[in-house]
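Visitor: One-letter residues, chain by chain:
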Amino acid sequence: MSAEPTLLAPAAAAPLPPGRTLAARLVRNPVVAIGAGFLLLMALIGIFAPFLGTLDPTAINPATRNRPPGFERTIRAEDGTATTYRHRLGTDTLGRDVYSRVLYGARVSLLIAVSVATLSLAIGLLLGLLAGYIRPLDGPIMRLMDGLMAIPGILLAIAVVSLFRAGLPAVIAAIVVPEIPRVVRLVRSIVLSVREEPYVEAAIMAGTRLPLLMARHILPNTIAPLIVQGTFIAASAILVEAVLSFLGIGIPPETPSWGNIMAEGRNLFRVYPHTILYPGIVLGLTVLAVNMLGDGLRDTLDPKMTGR
Amino acid sequence: MAFRRSVLGLVAASAALLAPVGAPAQTLKAVMHSDVKIVDPIWTTAYIVRNHGYMIYDTLFALDAKGEVKPQMVDTYTVSPDTLTYTFTLRDGLLWHDGKPVTAEDCVASIKRWAARDSLGQKLMTFVEGMSADDAKRFTVKLKSPTGLLLFGLAKPSSNVPFMMPKRVAETDPNQQISDFTGSGPFVMKTDEWKPGDRIVYTKFKDYKPRPEPASGLAGGKVVKLDRVEWLAISDQQQAVNALLAGEIDLIEQPAYDLIPLLKGDDGVKLVDYNPLGFQYAMRPNHLIKPFDNPKVRQAMTYALNQTDFLQAVVGDPDYYKPCKALFVCGSPLATDKGMDGLLESNFAKSKQLLKEAGYDGTPIVLLQSTDLQTLTNLGPVAKQLLEKGGFKVDMQSSDWQTVVSRRARKDPVDKGGWNLMNTSWVSADILNPVMSSFMNMSCDKAPFGWPCDAEMEKLRDDFAREVDPGKQKAIAEAVQVRWREVVPYIPLGQFYIPIAARKNITGILTAAAPVFWNVEKKK
Amino acid sequence: MAGYVLRRLLAAIPVLAIVAVLVFLMLRLTPGDPAAVIAGDNASSEQIALVRRTLGLDQSLPAQFAIWAGNLLHGNLGESFFFKKSIGELILGRIEPTLSLAAATMLIAVCVAIPLGVVAAYRHGSWLDRIVMGVSVLGFSVPVFVIGYLLIYVFSITLGWFPVQGYQPLADGLGGYLHRLVLPATTLSVVYIALIARMTRASVLEVLNEDYIRTARAKGQVERKILFRHALKNAAVPIVTVVGIGIALLIGGVVVTESVFAIPGLGRLTVDAVLARDYPTIQALILMFSGVYVLINLLIDLTYSLFDPRIRH
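Residue numbers (numbering that gives the first Met the number 0), protein chains in the order written: chain L, 0 to 307; chain C, 0 to 523; chain P, 0 to 312.
For the record, the hints were derived by calculation from the structure and aren't laboratory data.
Even glycine gets a Cβ: it sits at the ideal position worked out from N, Cα and C.
One or more hints might be untrue.
On the chain C side, residues computed to face chain P include the following (Cβ under 10 Å) [claimed, not checked]:
| no. | residue |
| --- | --- |
| 1 | Thr43 |
| 2 | Asn174 |
| 3 | Leu231 |
| 4 | Ile233 |
| 5 | Ala239 |
| 6 | Asn241 |
| 7 | Ala242 |
| 8 | Leu244 |
| 9 | Asp399 |
| 10 | Lys410 |
| 11 | Asp444 |
Full structure from sequences and hints, please.
Guide: Here it is, written out as structure tokens:
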């Protein structure tokens with residue numbers, strides 16, 4: 000009896016339906032449309048942050064710390080000209096512009112979400128295929144995964160972060176490592192069940208080579224559940240990054256991410272709520288959008304699991 | 000459900016235990032700046048352990064509110080005409096917490112252990128010919144040459160404080176931590192209730208005999224007016240303030256500056272400035288490796304930086320900071336501006352010029368920054384910004400404080416885990432003169448991390464130790480400051496003050512270099 | 000049954016051994032040096048080297064591992080580098096708060112989430128269903144510490160109903176114990192309410208479409224009885240699974256919740272130990288959590304046979 004009955008179900012599903020109808024179905028699903036639309040918006044905001052009336056998000060200004068939203072500051076350039084800048088969302092404890100930090104923060108937070116999802120899926124897929132297909136490797140890989148899985152994810156992440164110099168790569172690695180075992184288990188279970196299918200057995204009998212077999216029969220079956228799994232990993236990655244920052248071991252504070260803007264602002268929650276409120280709202284909505292996208296994808300790609 | 004069952008079990012078991020445990024009438028609950036994890040104030044210089052030391056130990060001498068040395072455990076002392084022999088007599092009725100009397104032998108052993116660890120103590124020992132206990136209550140210290148360091152050293156107010164311990168404890172190897180917490184101070188540590196990471200509990204020592212004089216600074220009668228003191232670990236600053244406002248705790252030693260508006264706006268709470276000399280921030284370059292092995296590069300920093308930016312970024316409220324270029328603390332007898340003109344004014348052009356002369360090649364400087372200590376976190380970005388404007392390239396590397404501590408101990412080049420620059424803070428009482436100030440120690444390998452090396456500075460410090468006349472001491476201190484400008488062992492980033500936040504009904508908090516809990520009263 | 004349990008317990012040994020090796024290796028590769036942390040602020044290189052020697056950190060990795068593993072087999076978790084106490088004692092002193100928090104959290108989560116999930120499934124597609132599902136997605140989307148601060152702001156600071164922080168041992172009185180547990184447990188339960196409610200709804204929904212439910216309806220049985228006796232019981236396996244996984248995952252949330260509410264539990268002990276590079280304590284804690292995880296998984300599997308007699312071990 001596996002601990003993940005729900006994750007076993009997609010194995011039985013047929014390969015992906017033809018692309019066109021699928022795309023059409025996805026677009027017609029309002030949940031997917033809203034989720035994807037919001038994420039696209041956030042990605043665009045992150046990419047075009049320099050053109051959206053922002054300042055350098057790391058430029059500090061000790062004289063104007065913790066100012067409320069709407070505070071106006073005169074900035075003197077080196078040539079002596081002065082301009083007035085309006086801090087739409089106020090400033091933080093170092094006088095940095097919260098609006099700019101939130102916008103640039105979209106880059107880091109989304110980068111983390113995407114890279115964590117991609118990396119854990121890629122590594123998990125590789126290990127899962129190996130474990131599922133090459134019998135002698137099954138035992139060692141799965142025992143290692145059991146071991147990793149038994150370590151509480153957040154503790155594993157804390158330990159991994161302290162392994163490296165604090166920074167984006169360390170944080171990504173820290174969130175990826177605990178996610179891998181679940182992906183491996185999922186992929187392996189799919190591989191095992193697909194192997195039993197008559198058409199795959201026939202292909203093996205006919206002497207189809209392993210790479211071809213993988214590409215033609217096994218990989219297609221894993222795509223749908225992996226995409227769904229990937230969205231949930233992405234959502235949790237954004238949250239875990241925030242928690243690591245909260246514990247003081249996340250991305251260094253000079254690089255803005257929603258998590259560390261909130262973590263820095265949390266001590267001032269009652270006096271200057273704006274430093275935690277705005278990144279909090281954006282983070283919450285983004286995670287919500289990713290989750291909605293995941294739910295919608297699952298409903299569409301795998302109708303059998305609708306509603307879960 | 001296994002857990003649910005255990006809850007029911009606990010609930011059932013608790014029914015029998017419902018009889019309330021009567022709390023003593025006068026319990027003071029305080030949140031200190033850190034949790035007490037180590038309990039040997041001689042072994043570590045951590046301020047929280049010094050504070051712990053003032054609870055359970057007593058000192059031979061102490062500084063009063065005016066900064067003068069006053070006897071504390073010592074009743075009387077005599078000095079021979081050649082000022083080389085000091086004889087001390089202990090007060091009557093001094094007891095250890097286990098009920099045994101305090102003896103001269105205990106004190107001699109304690110001074111020895113302290114002097115083995117403390118930098119001032121080590122210096123002092125170079126003057127000491129020998130120490131001996133004459134009888135149960137009298138002991139003698141013989142000097143090789145006159146020095147003002149002996150009495151001042153025994154009254155040293157901050158880390159490491161020469162606390163007196165029983166001989167059996169004081170004979171612990173100075174490099175090992177003690178495990179017996181018997182003192183003779185006004186409070187007793189409840190070892191059974193000490194939970195690192197949660198709380199440490201002290202109760203009044205009933206047999207403590209305070210001096211007859213009123214309390215003044217760290218001197219005078221240590222009259223305890225509380226039955227029990229609990230130091231609680233609340234790591235979340237906001238939560239500590241919330242708890243104080245809600246009356247769940249009585250006192251916060253170091254409330255976060257940005258939360259002070261919240262405290263000022265509440266009628267039930269007051270802020271007490273207990274430490275008139277305050278604290279200082281300091282920046283320490285690593286003198287061993289490039290580029291700070293070149294004094295010109297260090298000098299460039301003294302031009303590029305300015306104190307106000309740092310103080311604004313960390314403290315914010317000008318009521319609680321003061322730019323202060325005096326190396327031996329503004330407001331102290333040795334305070335002087337000599338040799339400081341033109342420095343710390345963010346003269347970026349001058350900084351760039353010096354860097355050019357020094358041939359600085361633009362290799363990034365590794366600046367260690369801690370992300371988990373609120374009082375230090377904001378220093379890093381300010382340093383980076385100012386130094387970069389002054390022509391440096393800065394690679395700010397963030398980590399938790401403990402990683403900074405382990406990394407700064409390494410002498411390796413930066414690509415092998417070494418470092419160039421780091422920030423820290425200390426209580427002003429630690430740097431009142433050139434001998435005490437540990438960053439002024441320029442004895443090469445023997446100096447603390449950063450390892451600065453300068454024979455001339457060491458000679459000046461030695462002269463200071465030998466000088467007994469205050470006027471001449473001041474002249475030496477000025478010479479030290481002028482030499483500092485050339486060799487720049489460290490850079491002061493300004494003076495700041497942290498008020499204690501307490502409920503209104505807490506009175507009697509003493510003005511001193513360390514927060515102490517005798518004389519403190521909790522009114523109904 | 001007993002044979003099955005025994006086999007499962009035996010199978011857990013290699014898993015724990017792997018955890019032990021992983022954790023050991025990972026910690027020894029970290030750049031932080033516990034000796035420098037412990038030696039204190041102004042320690043010289045010699046003093047640091049001395050501390051390293053006393054802690055046995057100067058020995059080779061295999062030797063260090065052998066010593067640790069040997070002590071473990073004798074039931075000796077070792078002594079904390081930092082706290083100078085035996086780790087067994089340290090952990091024992093911290094278990095009660097964490098266990099209480101975990102138990103209260105799961106209690107709240109199960110009591111709230113299962114009825115919500117059942118009702119949502121029963122009124123499938125209604126506005127009620129949509130609200131329950133929407134709120135549950137929201138529950139996943141907010142970091143635990145934000146929920147904690149919000150609850151504190153509303154219920155402690157504004158309304159004054161609960162203490163802001165702290166933990167009171169059960170031995171000091173049940174009233175105070177529960178009073179201080181409500182907010183942290185509620186904070187932590189939000190994400191589990193979301194998780195369990197969704198799972199309950201989905202599995203009840205699936206069961207409601209089965210033939211025997213239709214049969215029961217056709218026989219005119221009361222709806223409530225159908226819902227709770229037939230549907231919920233048959234939907235129990237995935238629900239129990241998700242509750243079990245929840246308990247196993249709880250430790251992550253406990254770390255944050257204990258920090259926010261200043262609860263002296265195992266979560267904070269772990270964070271403190273990691274930050275202080277207290278190797279033996281971290282090793283012991285992670286090994287213990289892994290053991291708990293393995294045990295809970297076993298318990299989940301055993302409960303399956305309770306709910307579904309077809310599953311026999």
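Visitor: If a hint holds in the structure, say so; if it does not, say that too.
Guide: Hints versus structure:
1. Thr43: holds (4 Å)
2. Asn174: Holds: closest Cβ of chain P sits about 5 Å from C/Asn174, inside 10 Å.
3. Leu231: With a minimum Cβ separation of about 7 Å from chain P (threshold 10 Å), the hint on C/Leu231 holds.
4. Ile233: holds (4 Å)
5. Ala239: The hint holds - C/Ala239 has a Cβ within 10 Å of chain P, the shortest such distance being about 8 Å.
6. Asn241: This interface hint holds because 4 Å falls under the 10 Å limit.
7. Ala242: Hint holds; C/Ala242 Cβ to chain P Cβ min 5 Å, cut 10 Å.
8. Leu244: Status holds, d = 8 Å.
9. Asp399: Holds, about 5 Å.
10. Lys410: Check passed: Cβ of C/Lys410 comes within 7 Å of chain P, closer than 10 Å.
11. Asp444: Holds, because the Cβ-Cβ distance from C/Asp444 to chain P comes to roughly 8 Å (cut-off 10 Å).
Checked against the numbered hints above, the structure breaks none of them.
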